[in-house]
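With chain A's structure known, arrange chains B and C on it following the hints.
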Amino acid sequence: MILLEALYVAPPALTAQAPILAIVIPLLGACAAALAPSARTAWVISVAAAIFGAWMALAVAGEVMREGVLVYVLGGFNPPMGIALRIDAMGALMGLLIGGVGTLAAVFSGHSLVAEVRAEKHTLFQAGFLLCQAGLVGLVFTGDAFNAFVFLEVSSIGTYALVAVGEKRDRRALPAAFNYLIMGTVGATFYVIGVGFLYAATGTLNMADMAARLATLDQSTVVQAGFAFIIAGLGVKAAMFPLHGWLPGAYAGGPSLISVLLAATATKAAIYLMVRFMFEVFPQGSAFGQAFLTWGLAPLAAAGAIVCSIQAVFARELRRMIAFSSVAQVGFIFLGISLASADGLSASLFYMVAHGLMKATMFMALGALALNIGARRLDDFAGVAREAPWTAVAFAVGAASLVGTPLTMGFLAKWGLIEAAITSGQVWIAVVIAAGSVLTVIYVGRMIEVIFFRVPLPGAPRAKEAPIGVLAPLLVLAGLSIWFGLDASLPEQLAQAGAARLFEVRP
Amino acid sequence: MNTGELLILLVLGLPLFAAAVIYAVGRMPDVRETLTLVSCIALAVVAISIFVRVGQGQPPELMVTQPVPGLSIAFRAEPLGALFAVMASVLWGVNSLYSIGYMRGRREPNQTRFYMCFAIAMFGVMGIAMAANLFTLFVFYEVLTFATYPLVTHAGTPAARRGGRIYLITLVGASVLLLLPGIVGVQAVAGSTSFVAGGLLAGRVDAVVGSVLLLLLVFGAAKAALMPLHGWLPAAMVAPAPVSALLHAVAVVKAGVFTVLKVSAYIFGPDLISFLPAATWILWVGAATIVIASLVAMKKDDLKARLAWSTVGQLAYITSAAMLPMASGLVAGGLHMVFHAVAKITLFMCAGAIYVATGASRVSEMGGLGRRMPWVFTAFLVASLGIIGLPPMAAMWSKLLMMTAAFETGHWVFAAALVASSLLGLVYLLPIAFRGLFPPLGGPAAREFVRPGGTPGTAVFAVCAGAAGCVVLFFVADALANYLAPIRAVTIMEGAP
Amino acid sequence: MTWLASHFNYVVVVILMMAGLFIVFSSGNLIKRMIGLAMFQTSTGLFYITLSKVSGGTAAITLKADSETGRALAAPLDPAYVAQFGVDGVVYSNPLPHVLILTAIVVGVATLAVGLAIAVRVREAYGTVEADEIDALSRVAAEQAEPAP
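Chains as they are written, first to last, in my numbering: chain A, 1 to 507; chain B, 1001 to 1497; chain C, 2001 to 2149.
There may be inaccurate statements among the hints.
Between beta-carbon pairs, the in silico distance windows are [as the list claims (entries may be wrong)]: (1) B:Q1058 with A:R316: 28 to 38 Å; (2) B:F1275 with A:L457: 58 to 68 Å; (3) A:T221 with C:I2061: 27 to 37 Å; (4) A:A212 with C:N2009: 24 to 34 Å; (5) C:T2103 with A:P11: 26 to 36 Å; (6) C:V2054 with A:I51: 43 to 53 Å; (7) C:P2076 with A:A16: 34 to 44 Å.
No wet-lab data here; the hints were simulated from the structure. For every residue, glycine included, the Cβ atom is placed at its ideal position computed from N, Cα and C.
Bound-form chain A, shown alone (with noise of 0.2 Å):
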């Protein structure tokens, strides 16, 4: 709270304005980065943009946590009408977690690229990278459900021509990507109609008339397919098992700076969509969404969540084994809110931003391993530890998080979830995660032997410390998780609000 309010400095007028900007700065970017004349002017004006962004985005949380509700109208039409940005603490942390690991990857990609992205493609990678910000800051900030699918679209599109672009290093980021765009596109055109059947059983897009108007109709078949639609659509974007097939090859062929994205933010911010849907869209103790929550929701991430971390264990590439596990933890994530419950909510959002920057920890060290050494498979990073000191700490950082290490963040937030389950009485839920971490802990376990207790391969190319410009993110990021895990307040207090907010209004 303290922190927030020191770093906030905006000038009003600025403020006032901050939802939009922090949309529409990025995306002039975009433009203005696809006709720069050369990649370091750029990545000069992408970092530009991107800072902007996460201040606007500091600026929004600010107001949050004085007013509540912030609610933006765009064009001066009010809705239900017009399209209306609403933000509530949720969002707000949401804002945080997308302005703050896009700033970093910004900073990361003035040297990552050179490594793993043609030089020809540079400035429009680093337009396509502003166009993901600005999408997924959008689909976080919006209280419109069709304005959501097109920000939803505009970053997803977005991330699967950035994904492809890795095939520099990979070519296997082709097929990848294809598939990525396949099986996104069929989720948001399942979103679609869900929004579809939402409207034609409401007459209304915007997401809190909806809420209104749907309290009575919750038996109504239309407003259940349209439910079904969307979680359905929203699965598929979010990675929720068994609809995450797209993810291990997206993540393991895009350039790392795409993994930490996608990592960190894209699937944070579909579930940020999901839990807005179930929980303030339709209405709550309803017996349908109770029944998919017990039902659907729990027993699919809990399959997920031990199936994919048994994946993780058995993967022989290194990327591939973080992709799987990003996979499980999305299934903790659904655990915590199938709970259906301000504890379990509030547990799960904390885990998102967790897991967001333990993910792109991981991935961004990586990417400065990558900067020499073209290893991809997990023996092949033998010993690197030597070489790469800085980022191998880092990555342990990130690996200790992962697998709930006390002091960092990510034991915090297993704990959260663990106590949440407790006290809803889902024990099963509770013991599900613990099997979660014990998995969790053989793959870590794996990686961190290889990268730290093994003598590195004679004649493998030598890995070398990252330049500065590489690892001053990186080091802020396995650092973030660090200082969470010591002193969670800004991200719990948001977390706790947001839930708060969403189970206080029904009855």
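This is chains B and C only, laid out in the frame that chain A set:
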């Protein structure tokens, strides 16, 4: 900042600072060793100050941070913890002295890493000893696990790595699967994890929930090597002798049984333990562990393996004692923790001394060596008597207290296990010393020294200090028992965090 | 039969949706998958437009007062009222879903463009656009990259 807070900061900060300094002066072995010893002495002084203050009724306490509301990293000394801290710091000093002799005698590589990890492990131990709540204890418990892993795999051989892997998997697996959910469960039920005199959960849980939590917490503390989670202890014998001494006597296993004792005394409390069925089950498992471990120890020819299985059995003494109704076994358990530590560290140091001097690691090879290494084998004899529990060794008192408590509460099985284990101890420990000192006439000649001069002097000195400790403790056992008496308190004290 | 007739559009929507999805998931050829995807997206367009049609509604363009229909409707009304408010009693179809689907069409076109671009690059990198051949090539490459044990 008052003196109490300063003392806690010192007791935690000294080992950590020592670790950093050891790393910095790694290239100057003599400076490094001196610094280690100085830190040991300083830590012992601080720990004794805390011990004294607790005895006077002014327990030092310190609150560090609250990551989220409801969870805090806080420290508060109480009798059991203060005793543990003193024991650990003094034995760290003895062990360091011994390590200097051992490591130099064998010209072991990576000595800086060795001493540094030792210091970090002591940081973990002090944190465990001073923890004011289960959350803090858990944090430092994990620090200890990870700090001792490089020590276990010190040799770097595939066998060492395999041992290290079993070590890590068992301990971390039990922590994550059992201990952590147990702690979260306590938090969920009671709203905090603080150690409260009389038991945090007293009156808050029924028999079922309480039993589940007890099982999770006791088996989750796999460092206490209760069967079936004991496998890591024999596997960790691939470590060099000073590490084994540390593991078995100073830090790791003692942290495990310390956790069990604290949980029994301050989380469940005497009243609650008395009527939880799980406590009786654990008692039976403990009794079985005692007997089985003693039987297996008899069969082992490798000396360190034999000692390891002996430790498994001895630890089960303490765990079972902690489960006795009305907390009658708590004081005995606390005392045994200390007495066993001193005796075991002496035994391990002897084993290492023999290995350094002659290269012998199997009991069958040690016939007649006592003539060449009289000090070492005499110390071994003294410490063996300490383990078995014969007067004038301190462990006699703790065993006596345990047996009395077992008879009083009607747990005949536990008492029988204690007796059986003592008898078996006679069989598997005494012959080693006797055959060494008084070899049968006409038997094979004793081994030659592989290291000229036999065992290094500092190692012998440390060994003798350990043996002397066994005897000295006999005389202070009563005072210590009185010191520990408050942990059986039934009333809730005011001002618990 | 009458149900079919009255819900004809929705039936077509479902048929197109299923056909599109089937092609996406069963076809091995990348281009064909894009075609299936386009069919799938078209079906949602048809869905929205069907939602927008109001029974008895005319096109969503405001009726001018001096057209045929306009004059016929304006006849019974007060001229001053007509001058201020325009012609009353006209039922328009809902224009909003049309707008939404225009947006969705744009998104669909963009997706199609990116997808085809990726397919072109796949052709360049792998020499084929058949999914099973690409899989085989990737697997072979992955196995060749492994050093012999």
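Here is what the structure says about each hint:
1. B:Q1058 with A:R316: 28 to 38 Å: violated, 59 Å
2. B:F1275 with A:L457: 58 to 68 Å: Given about 60 Å between the Cβ atoms, the range holds.
3. A:T221 with C:I2061: 27 to 37 Å: holds, 34 Å
4. A:A212 with C:N2009: 24 to 34 Å: holds, 29 Å
5. C:T2103 with A:P11: 26 to 36 Å: Between T2103 (chain C) and P11 (chain A), where Cβ atoms are some 34 Å apart, the hint holds.
6. C:V2054 with A:I51: 43 to 53 Å: holds, 49 Å
7. C:P2076 with A:A16: 34 to 44 Å: violated, 50 Å
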